[in-house]
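J.: Given only the sequences and the hints, what does the whole structure look like? Please build it.
Residue-level listing of the chains:
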Amino acid sequence: MKKRYGFLMSMVLAAGTLLSACGASDDATGDGDKKEDSFKVAMVTDTGGVDDKSFNQSAWEGLQEFGNENDLKEKEGYTYVQSDAQSDYRPNLNNLVRQDFDLVFGIGFLMQEDIKKVAEQQKDAQFALVDSVVDLDNVASITFKEHQGSFLVGLVAGLQTKTNKVGFIGGVESELIKKFENGFKAGVLTANPNAEIFQQYAGDFNDAAKGTTIAATLYGKGADVIYHAAGGTGAGVFTEAINRKKNGEDVWVIGVDRDQHAEGIYDQDANKSVTLTSMVKRVDTAVFEVSKLTMEGNFPGGEIVEFGLEEDGVGIAPTTDNVSEEALKMVEEYKEKIVAGEVEVPKTDDEFASFNK
Amino acid sequence: MDLMQILGIIIPTAIFAAAPLILTALGGVFSERSGVVNIGLEGLMMMGAFVGAVFTFYGETWGFGGASPWFSFVVAILLGAIFSLLHAVASITFRADQVVSGVALNFLAAGLTIFLVKKIFDAGQTPYLNERIFKSDVPILSDIPIIGPLLFGKAYVTSYVAIALAVVVWFVIYKTPFGLRLRSVGEHPMAADTMGINVTKMRYIAVMLSGAFAGLGGAVYATSISGNFTHSTIAGQGFMALAAMIFGKWHPLGALGAALFFGLAQSLSITGQQIPFLKEIPYVFLLISPYVLTILALAGFVGRADAPKAIGKPYEKGKR
Chain A
1 MKKRYGFLMS MVLAAGTLLS ACGASDDATG DGDKKEDSFK VAMVTDTGGV DDKSFNQSAW
61 EGLQEFGNEN DLKEKEGYTY VQSDAQSDYR PNLNNLVRQD FDLVFGIGFL MQEDIKKVAE
121 QQKDAQFALV DSVVDLDNVA SITFKEHQGS FLVGLVAGLQ TKTNKVGFIG GVESELIKKF
181 ENGFKAGVLT ANPNAEIFQQ YAGDFNDAAK GTTIAATLYG KGADVIYHAA GGTGAGVFTE
241 AINRKKNGED VWVIGVDRDQ HAEGIYDQDA NKSVTLTSMV KRVDTAVFEV SKLTMEGNFP
301 GGEIVEFGLE EDGVGIAPTT DNVSEEALKM VEEYKEKIVA GEVEVPKTDD EFASFNK
Chain B
1 MDLMQILGII IPTAIFAAAP LILTALGGVF SERSGVVNIG LEGLMMMGAF VGAVFTFYGE
61 TWGFGGASPW FSFVVAILLG AIFSLLHAVA SITFRADQVV SGVALNFLAA GLTIFLVKKI
121 FDAGQTPYLN ERIFKSDVPI LSDIPIIGPL LFGKAYVTSY VAIALAVVVW FVIYKTPFGL
181 RLRSVGEHPM AADTMGINVT KMRYIAVMLS GAFAGLGGAV YATSISGNFT HSTIAGQGFM
241 ALAAMIFGKW HPLGALGAAL FFGLAQSLSI TGQQIPFLKE IPYVFLLISP YVLTILALAG
301 FVGRADAPKA IGKPYEKGKR
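Protein chains in written order, with the working numbering: chain A, 1 to 357; chain B, 1 to 320.
A few of these clues could be false.
What the hints assert, rightly or not - For lysine-lysine, the following DSSO-like pairs were computed, each having C-alpha atoms within a straight-line distance of at most 27 Å:
hint, chain 1, residue 1, chain 2, residue 2
1, B, K118, A, K162
2, A, K73, B, K119
3, A, K73, B, K313
4, A, K272, B, K154
5, B, K154, A, K246
6, B, K279, A, K165
7, A, K123, A, K40
8, A, K162, A, K335
9, B, K249, B, K313
10, B, K118, A, K40
11, A, K221, B, K249
12, A, K123, A, K292
13, A, K75, A, K40
14, B, K279, A, K357
15, A, K165, A, K246
Hints were generated in silico from the structure; no laboratory data involved.
T.: Shown next, in the form of structure tokens:
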């Protein structure tokens with residue numbers, strides 16, 4: 001008796017699966033049949049998701065703004081697909097291409113290989129990759145001059161450190177994060193040639209516990225300002241700094257990608273934050289601009305579109321409660337110098353070595 | 001950097017990283033001592049971290065203020081115990097394979113927590129918590145010269161709670177009638193049954209206790225270390241706790257020692273880069289050191305690990 005029920009059960013389940021599969025394919029063909037006149041744009045997040053309080057969120061904000069401006073409908077005209085693991089990148093990209101999106105953004109340098117593979121197979125589709133470069137005609141590569149923004153926050157750190165020791169915590173050691181590191185170091189030493197800089201890479205973008213431990217180590221060694229370029233690992237840096245601030249130590253964190261003032265709040269009522277300032281990277285601006293170019297028929301395929309200080313692609317955060325007048329002035333001064341080309345900010349270790357001579 | 005300064009960095013971070021592991025490993029001791037394998041510790045911890053983050057957040061809005069993390073601990077303990085019932089029902093009453101039902105618990109927790117977070121907050125993660133467990137000096141003890149600041153200065157209260165609980169659990173398992181029954185059920189359930197011990201009831205209690213402890217461990221992790229709950233908040237800590245329990249030979253104090261050892265190894269692997277002498281060692285070696293040390297310790301120093309005899313076997317009344 002029991003066995004028969006089991007068999008029945010599995011039959012029902014199997015039938016259910018089959019039928020639901022039918023449903024899905026119906027939907028898919030339905031979508032494909034629709035004649036698409038209007039421009040459609042989509043993005044694939046990396047494992048962070050569109051509410052990561054970092055660049056995925058920023059990219060999505062840019063896309064939403066673009067959608068609103070052009071009266072596109074969410075889900076139809078513009079949308080995003082969340083990746084839960086690195087193995088999701090390729091299916092997600094393929095999926096969007098099959099749904100006839102005119103432009104598909106891949107957010108984050110971790111997606112480089114997958115964009116390349118998919119773009120080679122889907123020659124007619126158009127892709128844009130944020131934070132890395134793929135040399136194919138149907139891929140636009142969007143990069144930022146993070147070293148310039150990092151240089152500016154480095155100036156602030158150099159001027160406002162009291163112990164003359166500052167720290168840098170990176171996510172995964174790579175060409176990209178090196179730009180943050182070297183720009184920052186150059187900024188610190190420009191403002192304060194006597195400063196000592198500690199640096200460490202966590203080897204992970206999503207390990208808050210590790211961030212806490214590294215921050216504890218660097219603060220323990222005497223650093224009073226830490227700049228993190230470590231995504232979710234950076235959350236741990238804030239935890240440690242808030243803890244120390246509550247115990248009366250005078251420590252600061254410099255945020256990354258977005259204005260991270262809110263992450264560092266340790267006194268809700270007085271709106272006091274351990275965030276000294278943040279290096280903002282306007283992924284939203286970049287996504288918006290590239291979408292616009294593509295809609296106008298000027299898809300920058302095969303090119304590297306670079307956003308720096310000049311294009312307002314990087315800079316320091318609008319919240320400047322904790323930044324001194326002197327530092328703000330210096331930031332303005334160097335901003336002009338960098339835009340004018342008088343100061344060349346280093347981005348690799350070699351360039352930093354020659355900068356520091 | 002002098003020695004004191006180095007120790008001042010390593011030891012507090014070791015204790016801090018160990019607390020969630022200690023709690024979860026203690027849960028594992030209860031369950032496995034009664035003869036039920038609990039691979040589901042990871043999932044239970046995930047549930048605990050989720051509950052810890054959500055209820056601390058709502059505790060803040062409901063006006064619990066600084067007590068909200070503690071409030072969330074109570075809820076996490078209760079919900080952890082309830083969630084572990086799934087494992088208990090499947091593996092004890094229905095005599096399913098204990099490993100399989102534990103794995104099911106892990107998968108269920110991973111999906112369910114993220115699903116609920118999306119439903120509740122309409123986002124992939126909970127907001128950052130304002131009220132957390134913060135570091136503070138332990139009164140009096142932190143004034144002891146030399147070891148005071150190392151062991152009791154700027155530390156999380158939860159770490160000491162975890163260590164104290166390890167002693168309590170040791171007392172319960174080895175010095176009370178309840179503990180004796182628990183162990184007898186795990187060693188020889190039929191003999192226990194003949195002596196009038198209700199095997200099913202004992203095992204249910206043990207599994208629910210493991211859920212309660214793992215839930216607490218997860219909540220402590222969310223409120224002291226990560227400060228919010230995301231899909232990657234609990235990534236492997238439950239399995240490390242499981243390893244700590246085995247490393248500690250299914251003994252509460254052994255598990256405590258093993259968890260502290262893991263914490264120390266991890267803290268060394270991270271802080272080592274900033275410490276003279278250790279700095280000269282290539283980074284990769286420092287990174288793998290916790291795992292290598294664990295293998296060495298398991299292979300060389302611990303000796304034979306004696307699991308409870310009836311572990312993993314469902315008990316059927318009257319079957320020989």
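J.: To test your reading of the hints: which numbers does this structure violate?
T.: When the structure is compared with the hints, numbers 1, 3, 11 turn out to be violated.
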